[in-house]
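*Asks:* Sequence:
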Amino acid sequence: MPLQKNQVLTLTIERLSNDGNGVAHSPDGEAVFVPGTAPGDEADVRIVKDCGRYAFGILDSLRTPSPDRIPVDCAVAGPCGGCSLRHLDYAAELRAKQESVTDAFRRIGGLDVPVLDALPSPEVDRYRNKVQFPVGRDKNGAPCIGFYAGRTHRIVPCPDCKLQPGVLNDIGNALCAFFAANHIQPYDEATGKGLVRHIFLRRGAHSGQIMVCIVCTRPKLPHSAELAAQLQAQFPAIATILVNVNAKNTNVILGTETHTLSGPGFIEDTLCGVPVRLGPLSFYQVNTLAAERLYGIAADYAQLQPEDLLLDLYCGMGTIGLSMADRCRELIGVEIVPEAIESAKANAARMGSAVAAKSRFFCADAGKAASQLAAEGLHPDVIVLDPPRKGCDEATLSAVVQMSPRRVVYVSCNPSTAARDAKWLEEKGYHAEKVQPVDLFPRTKHVEAIVSLQREI
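Residue numbers (the UniProt record's numbering): 1 to 457.
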């Protein structure tokens, strides 16, 4: 019998889904997904939509809380939705993430591969080195920072996001106070009027250097010299201040035009000993300390030998491959973003002549480049894959198999596509030995995973 909208059921939450929602079952056995719940909660759940084989509900009232439930320490966690697991004890969050990775590899990959316990992040709060605050107005009409409520462009004011270092929140609030004092208007999507769209901040976890990038509809920001002087006097760690121009009616945050108000236009930091320069367009892992743990495990799984050729596909700024450069004879990196490749070459040069001499980076689509390298008879001993959320295309995987590396290390931000691709590689002669989840995004539903694969034929 179909569930009815607004019907209230008393259910027990059994586990978390891959999206971070609680999963319960109706008396008829239909799965019901309920956000904001914890495994072990007994709750009254109001059905909001029945899709046939499954339904969605909302928490109407909590009868018996789970022992893993903790008080939520952020006033806007619900409407913001960014910290979808802030109501969950961190040990329980790690267990849920390990279970979700295990489920993906068994259900999607059909693989009975050992999935290890999820490794915790060294920092559970204040860990992000990047924040992109949309700028809007608070209930009094004053400029404010916040985040978009789920599936909307309605800004939820958030003066102190607990995922960001406190200093980044302070800078965002100081900028809003300056905008208010100088009558600088936030952008209004509905009317297309206003100047300031976003405040984009980066902070080097090791260097402490901070980049401030103000995204505006026009390049001219009133009182910009005064703003730069005030900011750097108040926050000495600010190394550079930029204005990025985005005049388009788009969901994309950054435009292609950037002007420097102060400093060199970038900040510097290190990741696994690799020196990096970060501008507003640089891709960089948002949790530096956990990323160093992730890359360290990837290096262990690679089992590189001194005479090995390492191929790093989807290499980005080259940080994974360069962090392993001292363990191999030669490194080749491939990435489709031109700016990332230029950064990778510069990073290699900053590591010294020995690393620069053994490293080559190419700007190309990973699949096409892998196919071309395979056609040229390249035989890497180890291949590292770090694709986007959609995973690898079949051309890339086919080229990997054609090049026949001894080992493949697959770094994934989406365990579902990693499981799919691992299954494909298993069918072509590679054995998935183990999977290591690593929590780069505490208090959120996201988790990274590393798959170790060994050639069998």
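Since the hints were derived computationally from the structure, they do not count as laboratory data. Just so you know, these numbers come straight off a predicted model, no measurement behind them. Possibly wrong hints are sitting among the right ones.
Straight-line C-alpha distance at most 30 angstroms; calculated DSBU-like pairs for lysine-lysine [said to hold, decoys possible]:
id, residue 1, residue 2
1, K139, K162
2, K368, K358
3, K390, K345
4, K162, K130
5, K193, K139
6, K445, K390
7, K220, K139
8, K423, K445
9, K5, K130
10, K220, K248
11, K423, K434
12, K445, K130
13, K368, K345
14, K5, K49
15, K162, K390
16, K428, K345
17, K368, K390
*Asks:* Does each hint hold? Answer for all of them.
*Replies:* Hint check:
In summary, the hint linking K139 to K162 is supported, as the alpha carbons are separated by about 22 angstroms, within the 30 angstroms threshold. Distance restraint check for K368 and K358: the Cα-Cα separation of roughly 23 angstroms lies within the 30 angstroms cut-off, and the hinted pair is therefore satisfied. Restraint check for K390 and K345: the C-alpha separation of about 26 angstroms stays at or below 30 angstroms, so the hint holds. For the hint pairing K162 with K130, the CA-to-CA distance comes to about 13 angstroms; that is within 30 angstroms, so the pair holds.
The straight-line distance between the Cα atoms of K193 and K139 is roughly 19 angstroms, inside the 30 angstroms bound, and the hint therefore holds. At roughly 17 angstroms between alpha-carbon atoms, K445 and K390 fall within 30 angstroms of each other, so this suggested pair holds. The suggested pairing of K220 with K139 holds, with an alpha-carbon distance near 28 angstroms, which does not exceed 30 angstroms. Between K423 and K445, the direct Cα distance comes to roughly 24 angstroms. Compliance with the 30 angstroms bound is thereby established for this hinted pair.
In summary, the hint linking K5 to K130 is not supported, as the alpha carbons are separated by about 40 angstroms, beyond the 30 angstroms threshold. As the CA atoms of K220 and K248 are separated by approximately 16 angstroms, the hinted pair is consistent with the 30 angstroms bound. Distance restraint check for K423 and K434: the Cα-Cα separation of roughly 13 angstroms lies within the 30 angstroms cut-off, and the hinted pair is therefore satisfied. Our distance criterion of 30 angstroms between C-alpha atoms is met by K445 and K130, whose separation comes to about 18 angstroms.
Annotation: proposed proximity of K368 to K345 holds, straight-line Cα distance about 21 angstroms (limit 30 angstroms). A hinted pair counts as satisfied when its Cα atoms are at most 30 angstroms apart, and K5 with K49 qualifies at roughly 6 angstroms. As the CA atoms of K162 and K390 are separated by approximately 29 angstroms, the hinted pair is consistent with the 30 angstroms bound. Taken as a hint, the K428 and K345 pair is broken in the structure, with Cα atoms around 33 angstroms apart against an allowance of 30 angstroms.
Restraint check: the Cα-Cα separation between K368 and K390 comes to about 17 angstroms, which is no more than 30 angstroms; the hinted pair holds.
Hint violations for this structure: numbers 9 and 16, all remaining hints satisfied.
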